[in-house]
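The chain contents come next:
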Amino acid sequence: MAGILAMILAGGEGSRLFPLTQNRSKPAVPFGGNYRLVDFALNNFVNADLMKIYVLTQFKSQSLNIHLRRAWRVSNIRDRFIEAVPAQQRVSKNWYSGTADAIYQNSRFITKNNAEHVCIFGSDHIYKMDVQQMVEYHKEMGGDLTVAAIRVQKEQAFHFGIIEIDEAGHMIGFAEKPSVEDAKTIPGDPDHVLASMGNYIFKADTLVEELEKDAAIEDSSHDFGKDIIPKLFPQGKVFVYDFSKNKIPGEPEHAYWRDVGTIDSYWEAHMDLLNDNQPISLYNKHWPLHTYHPPLPPATFRDQGNSVSHVSKSHLGAGSYINGATIENSILGFRTHLCTNAEIKGCIFLGNAKVGSGARLTNVILDKNVEIAPGMVIGENLEEDRKHFTVSENGIVVIAKGSRVGFD
Amino acid sequence: MAKVLSMILAGGEGSRLYPLTQSRTKPSVPFGGSYRLIDCVLNNFVNSDLLRIYVLTQFKSQSLNDHLRQAWEVNSFTDTFIDAIPAQMRKGKHWYSGTADAIYQNLQFIQSDEADTICIFGSDHIYKMDIRQKIEFHKEKDAILTVSAIRLPKDQAYHFGIIEVDEEGRMIGFAEKPAVEDAKTIPGDPDHVLASMGNYVFKSEELQSELIRDAADDESSHDFGKDIIPYLMPSGKVFVYDFTTNKIPNEEGEAYWRDVGTIESYWEANMDLLKSTPPISFYNRAWPMHTHYPPLPAANFQNDGDVTCTIRRSLISDGALIVGATIRKSVLGFNCFVGQGTDIYQSVLLGDTKIGKNCVITKTIIDKDVRIADGVKIGVNLEDDKKRFTVSDEGIVVIPKGSRIGF
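Chains as they are written, first to last, in my numbering: chain C, 1 to 408; chain A, 1001 to 1407.
Worth flagging that the hints you see were computed from the coordinates, not collected in a lab.
Given the structure is predicted, the values throughout are model-derived calculations rather than measurements.
Warning: the hint list may mix true and false statements.
Keeping only pairs whose Cα atoms sit at most 25 angstroms apart, straight-line, the calculated DSS-like set for lysine-lysine is [what the hints assert, rightly or not]:
| # | chain 1 | residue 1 | chain 2 | residue 2 |
| --- | --- | --- | --- | --- |
| 1 | C | Lys401 | C | Lys354 |
| 2 | C | Lys285 | A | Lys1386 |
| 3 | A | Lys1275 | C | Lys285 |
| 4 | A | Lys1203 | A | Lys1003 |
| 5 | C | Lys285 | A | Lys1329 |
| 6 | A | Lys1354 | A | Lys1386 |
| 7 | A | Lys1329 | C | Lys354 |
| 8 | A | Lys1275 | C | Lys354 |
| 9 | C | Lys139 | C | Lys237 |
| 10 | C | Lys177 | C | Lys245 |
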């Protein structure tokens, strides 16, 4: 579609996902066995045939850059591209001070591409959206800005930025994490509120103008949610796009959208993939999820003697090598090597892990390149685990990239 | 390294692999879960840093062309390429009449190239070879032609084209599938023979003049093995490269090379991948096996109530959904669905296949896009199976692409 430019904010530090973000920015954190978080936003554009995309990077972006180059290189026939743009200090010697500043510092790309509308999306949520449908709504309403929002139960309002709308879909108010009694419900639906998904479509002219005005204000935090939108919506030209109206063939009735900003929410979103009701599935031939696949053979099951592998409710990536082990409720990425009688329950392996024979891991996240010694038990005594590893509020143990655990 | 141009013969009809070759040429037959046969030879060139490759296609090549485009597009500003060349009737209105004719009809690509060394390789064998080492041997011997050969026990000679060599490795004789007692053994090794692997390295100029000479010979069958090599051999400039001397980093043990030209050998080679010490594996980080990966999630294992999946000695590719089933000694390609209570044993599933509940599938090759209804048994009663399917002499059942069974 001509005139639509996408700018994806991929600079997030993701400090609440530490130690998974020790070496990489949040969008580059692996997810669901084969993917990285940024793949979800990119697939939402690519599957919607919107292929003029800048990915704005900043924090520890090497891992993200490699992923973009390997997985998301677009043939340069026609004017399609997916291009990483590092923070370049073009406007001043500052790093991006907020989401709006990140776009402001790159606003020349908007002019350069003759964009009519600019999609500004985050890159650290798990969801599927046909962005084309949101673009159509934006054009139909003729507003300066359209904000995507998801319907959530009123009781959950305190987790989110809650948008108040009138009956025509105009945004008329906004409250960051309001108490349940203060949260403004949807007209005609007193049980639900609209939570901002942090995805915006702007009229290009308005965007450039607003960014320039905002840049000149010294006490602005240069953030879309805090600064730009509160100034725009009173003018009556900001509309809210109800994500539940977005329909993708082959997807379940209820829209799924998760912020995976903490270790616990990251773990839970993985467990959603294993849930019998499948609130989200990575498998839909009408909405293929592209990513980079390293050159690896299929998951390989071997056995020593008479040992057999038992697998239930789990995903297992290519290049894995399972030697008579038990796997339950786990998502194990590329190159998972499990030795005889290892027991893995409720775990997420980001890739290239080796677990020695007889080791037992329960509710453990292993970052890449981790090796666990034979017989180690992790996740059963959290007091003990806290001495060595990061343990989340809900008791998920996280073992940092490159760790070798239990060896002398 | 000298400038090298490679031509891969990928026109094979593969009639002995029928029905797997019903709708595709032999080099594009899936293998080992995620691969196609042609990936082996292409990885040999790519991992040897030899990236100037023409793939000569002819028979039912659409599937092969798709695969080459999806998996093997070389995107480069340097002088590297992997290009498919369909048979174009450049030298007259006929298809390729033999392996030498296939190259002759594309002679212009060699004539217009600066390469002084031309590799001509088949595309339907399973093996790993660092081709640079073979080219070094070729240069060292100053050969016109170097033929690869694998050392085999003498008693297998009757399966292969057997090459006779002198002590310097010069080719001095050739016999197609000789009797064991007639087979010429290797000097100094009376228990082994050298079997031709059908892979050639030529000096470019000599290859060109030889192809032109052969093309004019009405009696010739225009085949490298039958016509070109016997003609060149007396010059004393044809050498034999012993494949067992080829070293791949991180790999030890006997050199592995299999012709998968029949249903039986195709099935056996898949089973080789599942052995507890596999004679060939596609795991080596120092020799990655590239191919096309469709956009699919990791293999997914679900329960049937309390029944978990039981898996032994198997390869399971991305996009699989296995629900409380038992899978033993089997290779499952991309996108296989296996229903509750189903038992799959010694079988090869090429991919995009859905098998219902409580089925028993034994020693069966299932081509792509097959649907099998609940409760179907295949490979259990071969007499029955013979009425419906291709069954090989050795009792391997083959289900053709797109079949609907038991509905």
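Comparing the hints with the structure gives:
1. Lys401(C) - Lys354(C): 12 angstroms, holds
2. Lys285(C) - Lys1386(A): Between Lys285(C) and Lys1386(A) the Cα gap is close to 35 angstroms, so the pair fails against 25 angstroms, i.e. violated.
3. Lys1275(A) - Lys285(C): Violated, at roughly 33 angstroms.
4. Lys1203(A) - Lys1003(A): 11 angstroms, holds
5. Lys285(C) - Lys1329(A): 28 angstroms, violated
6. Lys1354(A) - Lys1386(A): Holds, at about 22 angstroms.
7. Lys1329(A) - Lys354(C): 23 angstroms, holds
8. Lys1275(A) - Lys354(C): Holds, at roughly 21 angstroms.
9. Lys139(C) - Lys237(C): 12 angstroms, holds
10. Lys177(C) - Lys245(C): 24 angstroms, holds
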